[in-house]
Every structure is written in structure tokens, then in C-alpha cells.
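Can you make the complete structure from the sequences, with help from the hints?
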Amino acid sequence: MKILFLTPQLPYPPRQGTQIRNYHLLKAAAITHQVDLLSFARPGETIESAGPLPELCGEIRLVPAPKRSRTGRLTLFLGSLDPDMAHRLRSEGFAATLGSMLAGNKYDLVQIEGIEMARYLPTVRECAPQTWVFFDDHNAEYLLQRRAAFVDLRRPSAWPKALYSLAQWQKLR
4 MKILFLTPQL PYPPRQGTQI RNYHLLKAAA ITHQVDLLSF ARPGETIESA
54 GPLPELCGEI RLVPAPKRSR TGRLTLFLGS LDPDMAHRLR SEGFAATLGS
104 MLAGNKYDLV QIEGIEMARY LPTVRECAPQ TWVFFDDHNA EYLLQRRAAF
154 VDLRRPSAWP KALYSLAQWQ KLR
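The sequence shown begins at 4 in my numbering and counts up one residue at a time.
These are computed hints drawn from the structure, not numbers from a lab.
Be aware that a few hints might be false.
What the hints assert, rightly or not - Subject to a maximum C-alpha distance of 25 Å in a straight line, what follows is the list of computed BS3-like cross-link-like pairs (lysine-lysine):
| no. | residue 1 | residue 2 |
| --- | --- | --- |
| 1 | Lys174 | Lys70 |
| 2 | Lys109 | Lys30 |
| 3 | Lys70 | Lys5 |
| 4 | Lys109 | Lys5 |
| 5 | Lys5 | Lys30 |
| 6 | Lys164 | Lys174 |
To be verified - With beta-carbon atoms standing in for the labels, derived distance ranges:
| no. | residue 1 | residue 2 | range |
| --- | --- | --- | --- |
| 7 | Ile23 | Trp162 | 30 to 38 Å |
| 8 | Ser83 | Ser160 | 23 to 31 Å |
| 9 | Lys5 | Pro125 | 18 to 26 Å |
Here a beta-carbon is modelled for each residue, glycine too, at the ideal position from N, C-alpha and C.
Now the structure itself:
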């Protein structure tokens with residue numbers, strides 16, 4: 004099987020939950036399948052700094068993670084019915100790279116890792132409508148936002164955070 008993984012950050016080095024999970028999923032899949040990776044990268048992250056990933060993957064493409072200003076986030080928060088997560092990794096460059104990878108390869112499966120990557124499902128459907136898609140939403144984000152809101156409501160100094168979390172909870176439900 005030929006699998007394309009889409010990840011919100013480079014899975015190596017596996018420093019925290021999502022990276023650890025994605026690295027080990029990719030590593031396990033690479034044992035019996037051909038695996039490619041398309042991922043966002045932070046400044047300084049390169050394929051050369053990706054440890055064993057080049058040995059596990061046939062092709063790796065990295066796209067710079069988009070920068071979001073507070074003003075831009077506030078504008079979207081106030082003016083959009085979408086949750087913040089829907090815009091977190093919005094990137095025309097990522098969508099274009101994904102489209103070119105799908106056009107140049109016949110993938111059996113595209114594995115989309117994380118809620119912030121869901122926005123790329125339409126690109127997969129448009130470019131490779133017959134390809135299977137597995138969407139892995141790691142957390143029950145709406146529950147995390149609800150819990151954060153109720154914790155922050157107890158402290159008046161944290162009420163702006165509580166307002167944000169309450170809004171995200173409702174938008175994610």
C-alpha cells in the first residue's frame with residue numbers, strides 16, 4: 004500500500020504527544036507499506052534534521068508553518084463561525100504541494116493527522132477522489148476547550164481566555 008501522511012509538524016524528533024504518536028505511526032506503517040510525508044515545518048527544521056524519517060519515507064515535503072498575528076486571529080474569532088483550529092494551519096503553499104503530490108503519485112491512502120489538518124480533506128477529495136482517507140482527530144478538542152473555559156471562569160484575570168474557550172467549545176461542537 005502507498006500511504007501519504009499529512010502532519011501538522013515534523014514528527015521527528017518526537018518531543019511531545021502529537022509528534023510521538025505521528026512518528027511511531029509512520030515508522031510502523033513504513034515496515035510493510037511505502038510511506039510519503041507532507042508536513043509543516045518550523046523555522047530551522049529541514050529534511051536533514053529529520054533524523055530517520057528520510058530512511059522511512061520515499062518522499063518528504065516540508066512547507067513552512069504559517070504565521071498568524073493576534074489581530075488576524077481576533078478578526079477570525081469575531082467574524083467567523085469556524086473554530087480557530089480550522090484556520091490554524093491555513094496555507095495555500097501546503098494545499099498546492101498536496102495537490103502536486105496527489106497528481107504525481109497514486110496513493111492508496113491519505114492519512115490526515117490532527118483536527119487542524121482537516122481543512123485539507125477537500126483538496127484530497129478534489130485531486131484524488133478514489134483514494135481512501137483516514138482522518139485521525141487526536142483529541143476531543145471541544146471537551147478540552149469546555150474544561151479550559153470552566154477552569155478559567157474561576158479567575159477574573161483569566162476571563163478573556165475563558166471567553167475564547169467558551170466560543171471555541173461552541174464552534175467545535
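Comparing the hints with the structure gives:
1. Lys174 / Lys70: 22 Å, holds
2. Lys109 / Lys30: 21 Å, holds
3. Lys70 / Lys5: Violated. Lys70 to Lys5 sits at ~31 Å, over the 25 Å cutoff.
4. Lys109 / Lys5: 7 Å, holds
5. Lys5 / Lys30: 14 Å, holds
6. Lys164 / Lys174: 15 Å, holds
7. Ile23 / Trp162: 30 to 38 Å: Cβ of Ile23 to Cβ of Trp162: about 34 Å, so the range 30 to 38 Å holds.
8. Ser83 / Ser160: 23 to 31 Å: 27 Å, holds
9. Lys5 / Pro125: 18 to 26 Å: 21 Å, holds
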